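Trainee: Make a model of the complete structure from these sequences and hints.
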Amino acid sequence: MNLQILLENRVEAAAIILFGIGLTTLLLNRNLIKKIIGFSFMDSAIFLFLASEGYIAGHTAPIQDAAGSLSAASFINPIPAGLVLTGIVVSVSVTAVMLSLTVRLYQRFHTLNLDEIVQLAREANEEEEEAND
Amino acid sequence: MLWWQNIPFFSIILCLLSAAVCSVLPPRGARAWGRGVLGLCLAGGALLLAILGQPGSASFTFMMGHFPAPWGNEIRAGALEALLACLFPGVMLCALLSGAPALSSGRQASREPQYLSLCMLLMAALLSQAYSNDLFTCYVFLEIMTLSAGALIVFQNSSQALAAGMRYMVLNLVGSGLFLLGVVLLYYLTGHLLMENLFVSLQALAATGEYHRSLTIIIALITVGLSIKSALFPFHSWAPDAYSSGVPSSNAILSSLVSKGYILLLLKVYARVFGWDLVLLSHVDHLLLVFAWAGMIFGSLAAIRTSRFTRMIAWSSVAQIGYIFLGIGLGAGGGYQAAVYHLLVHSCSKALLFLSGEELRRAAGGSDTFADLAGAARKHPVYGALWTVGAFSLVGLPFTGGLISKLLLGGEALRHSPPVALITLAVLALSTLLNVLYFLRTMLILWSPGQEGSSKRGTLSPLGLGACGLLAAGILASFFLAQPLLEVITLGLSQFS
Numbered sequence: 001m002n003l004q005i006l007l008e009n010r011v012e013a014a015a016i017i018l019f020g021i022g023l024t025t026l027l028l029n030r031n032l033i034k035k036i037i038g039f040s041f042m043d044s045a046i047f048l049f050l051a052s053e054g055y056i057a058g059h060t061a062p063i064q065d066a067a068g069s070l071s072a073a074s075f076i077n078p079i080p081a082g083l084v085l086t087g088i089v090v091s092v093s094v095t096a097v098m099l100s101l102t103v104r105l106y107q108r109f110h111t112l113n114l115d116e117i118v119q120l121a122r123e124a125n126e127e128e129e130e131a132n133d
Numbered sequence: 001m002l003w004w005q006n007i008p009f010f011s012i013i014l015c016l017l018s019a020a021v022c023s024v025l026p027p028r029g030a031r032a033w034g035r036g037v038l039g040l041c042l043a044g045g046a047l048l049l050a051i052l053g054q055p056g057s058a059s060f061t062f063m064m065g066h067f068p069a070p071w072g073n074e075i076r077a078g079a080l081e082a083l084l085a086c087l088f089p090g091v092m093l094c095a096l097l098s099g100a101p102a103l104s105s106g107r108q109a110s111r112e113p114q115y116l117s118l119c120m121l122l123m124a125a126l127l128s129q130a131y132s133n134d135l136f137t138c139y140v141f142l143e144i145m146t147l148s149a150g151a152l153i154v155f156q157n158s159s160q161a162l163a164a165g166m167r168y169m170v171l172n173l174v175g176s177g178l179f180l181l182g183v184v185l186l187y188y189l190t191g192h193l194l195m196e197n198l199f200v201s202l203q204a205l206a207a208t209g210e211y212h213r214s215l216t217i218i219i220a221l222i223t224v225g226l227s228i229k230s231a232l233f234p235f236h237s238w239a240p241d242a243y244s245s246g247v248p249s250s251n252a253i254l255s256s257l258v259s260k261g262y263i264l265l266l267l268k269v270y271a272r273v274f275g276w277d278l279v280l281l282s283h284v285d286h287l288l289l290v291f292a293w294a295g296m297i298f299g300s301l302a303a304i305r306t307s308r309f310t311r312m313i314a315w316s317s318v319a320q321i322g323y324i325f326l327g328i329g330l331g332a333g334g335g336y337q338a339a340v341y342h343l344l345v346h347s348c349s350k351a352l353l354f355l356s357g358e359e360l361r362r363a364a365g366g367s368d369t370f371a372d373l374a375g376a377a378r379k380h381p382v383y384g385a386l387w388t389v390g391a392f393s394l395v396g397l398p399f400t401g402g403l404i405s406k407l408l409l410g411g412e413a414l415r416h417s418p419p420v421a422l423i424t425l426a427v428l429a430l431s432t433l434l435n436v437l438y439f440l441r442t443m444l445i446l447w448s449p450g451q452e453g454s455s456k457r458g459t460l461s462p463l464g465l466g467a468c469g470l471l472a473a474g475i476l477a478s479f480f481l482a483q484p485l486l487e488v489i490t491l492g493l494s495q496f497s
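In the order they appear, the protein sequences are chains A and B. Counting along the first sequence from 1, when you hit position 93 you're at 93 in the working numbering, and nothing is skipped either side. Counting along the second sequence from 1, when you hit position 394 you're at 394 in the working numbering, and nothing is skipped either side.
Note that these hints are calculated values from the structure, not bench results. Computed from a prediction, not measured in an experiment: that's the story for all the values here. One or more hints might be untrue.
Unchecked claim - Here are the simulated lysine to any residue pairs, SDA-like style, with alpha carbons at most 25 Å apart: (1) A/Lys34 - B/Leu221; (2) A/Lys34 - B/Gly191; (3) A/Lys34 - A/Glu126; (4) A/Lys34 - B/Val224; (5) A/Lys34 - A/Ser71; (6) A/Lys34 - A/Arg122; (7) A/Lys34 - A/Ala13; (8) A/Lys34 - A/Phe47; (9) A/Lys34 - A/Glu127; (10) A/Lys34 - A/Ile16; (11) A/Lys34 - B/Val200; (12) A/Lys34 - B/Val140; (13) A/Lys34 - A/Leu101; (14) A/Lys34 - B/Asn157; (15) A/Lys34 - A/Ala96; (16) A/Lys34 - A/Glu128; (17) A/Lys34 - B/Phe62; (18) A/Lys34 - B/Val382; (19) A/Lys34 - A/Asn113; (20) A/Lys34 - A/Glu129; (21) A/Lys34 - A/Ala131.
Mentor: Here is the structure:
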């Protein structure tokens, strides 16, 4: 019974597993590039979930044909698609900012390890204050 | 539709457009434009408050483009939204006026338009959190707030600011992800994103008793997501660095406004989407209480341990966020009222501490260590007095709004079961004692005679001084005008349901 429920909701289950992988990577991996990949996984998993919610088997994209013969009942739900598109724009913007910040951090510290970067930043700050004194 | 009902929409759109305009203007023009727009938003918020804050007034919804949801998008304004629409631009304007010298000098001077552009984006996001009636719109502006706040941290381009900015972004993205998953699951269960429709559907679902586990997971996801973003203990690890690494105005804006935007959203989700009964069923309120108690103590202890002035103020934010979440955890009615009241008081107090503290630091030669700050308040007695007002408010001394919020929290705790009431009162007392310890120590250092040059007085910027004076006046007004303020908050919260 449980397996059947899982099979019926396989796309949703896959999305949740992908979200978990992304979340773990973003939170636990020290490498900045891998963190950004984790973030992209996380967002893509949610978009997959949303897209699967809007899809109705046998229905078409909500675009009217030239003759105007298609009824609304034959379309898939367009709202999740709209949400996915908006979400993709947000996700791309965040990824771009994160990548640009990563480039700047690498130029400054020559490492992609966030723990090392935090440690080096503290040392740099202490040195700066000693120099000021 | 009445003409003043356009104010929320035009406030948001004006800030968004100004973000683009500021980025192409020369520094002086961008500065004037940014201040003008914030002044307009403040005036709009004050007008709305004057209309919607009247006893018996009702909230209104505004359909953008006259399309009903879900094709169009809705914004909603009531007394509480109007009050916050005054607070957000008011505090940001004070932060920009007082922090102007640090922005317009040195390497940062040429980048001031970009800074103001980020501030405009942040203001649009904050106003949207207050006004939006749609959860997905809230998510989009949540991310805009995260991006603009992250950019404000790294604006200084120092090693510490860059590292703090990255830590802020990583942990806030985790929070955003959890929040988005919660919103998508809500849509999956109900087919709605508009708050009113969600509330009706969720009450019907809860009545069937079939979706208890799913609803608990969704409430937990949204709560944890927004708790991470508002730096509630134990999700606060990013906050002390982020609140103390940027330029002074960034520190003030981040600690006094950005975290409040996330808390406001959580409050709206609890009150307008789930309803407090559903939150009680999920037992998330217990989780919030435990985190709040721990945060109030741990944040204060960390503030005592630090040897740096700005970091001490940053750590105190972790404790103060605990106070706000304590109010939310204590529940609808008195708890929410106390939470909103402390949110207002903390916004003014924290901004004042950061901004006047920066002037004191400058008087001490830019040093951030307590040893070097000895006698700083004597060089700048006015800023010293203003900093003292902010500190008194966070301790909860008479004639400041902090006392009212602590009394509200204590009074609400007494209405709960004896164990909750006892623990809350004990934690409030202990946290207040710890607040006294670190603020009193700092005040003694600041007002001590100092080692040398204590008779030398620094120059005063009239605008900066006026801005800090306004924040201090806000703190005092929240004590002397506590009754009308509480009436507006109560009216606003009643319009939520």
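Trainee: Each hint should be assessed against the structure and marked as holding or not.
Mentor: Results for each hint:
For the proposed pair A/Lys34 and B/Leu221, the alpha carbon gap of about 23 Å is at most 25 Å, so the pair holds. For the hint linking A/Lys34 to B/Gly191, the alpha-carbon distance of about 34 Å lies beyond 25 Å, and the restraint is violated. This hinted pair does not check out: A/Lys34 and A/Glu126 have alpha carbons roughly 29 Å apart, beyond 25 Å. A C-alpha spacing of about 23 Å is found between A/Lys34 and B/Val224, which places the hinted pair at or below 25 Å, so the restraint holds.
Taking the CA atoms of A/Lys34 and A/Ser71, the gap is about 46 Å. The hint is violated against a cut of 25 Å. With a C-alpha separation of about 23 Å, the suggested pair A/Lys34 and A/Arg122 falls inside the 25 Å cut-off, and the hint holds. Distance check on the hinted pair: A/Lys34 and A/Ala13 sit about 23 Å apart at the alpha-carbon level, within 25 Å; holds. The suggested pairing of A/Lys34 with A/Phe47 holds, with an alpha-carbon distance near 20 Å, which does not exceed 25 Å.
For the given pair, A/Lys34 sits about 30 Å from A/Glu127 by alpha-carbon distance, which is inconsistent with the 25 Å threshold. Note on A/Lys34 and A/Ile16: the hinted pairing holds, with a Cα-Cα distance of about 19 Å set against a maximum of 25 Å. Simply put, A/Lys34 and B/Val200 have alpha-carbon atoms about 41 Å apart, too far for the 25 Å limit, and the pair is violated. A distance of roughly 24 Å separates the Cα atoms of A/Lys34 and B/Val140; the hinted pair therefore holds under the 25 Å criterion.
Taking the CA atoms of A/Lys34 and A/Leu101, the gap is about 14 Å. The hint holds against a cut of 25 Å. With a C-alpha separation of about 23 Å, the suggested pairing of A/Lys34 with B/Asn157 holds against the 25 Å cut-off. Distance restraint check for A/Lys34 and A/Ala96: the Cα-Cα separation of roughly 14 Å lies within the 25 Å cut-off, and the hinted pair is therefore satisfied. A threshold of 25 Å between alpha carbons decides the hint, and for A/Lys34 with A/Glu128 the separation of about 31 Å lies outside it, so the pair is violated.
Of the supplied pair hints, the one linking A/Lys34 and B/Phe62 is violated, its CA atoms being roughly 43 Å apart against a limit of 25 Å. Restraint check: the Cα-Cα separation between A/Lys34 and B/Val382 comes to about 50 Å, which exceeds 25 Å; the hinted pair is violated. A hinted pair counts as satisfied when its Cα atoms are at most 25 Å apart, and A/Lys34 with A/Asn113 qualifies at roughly 10 Å. At roughly 33 Å between alpha-carbon atoms, A/Lys34 and A/Glu129 are farther apart than 25 Å, so this suggested pair is violated.
Of the supplied pair hints, the one linking A/Lys34 and A/Ala131 is violated, its CA atoms being roughly 36 Å apart against a limit of 25 Å.
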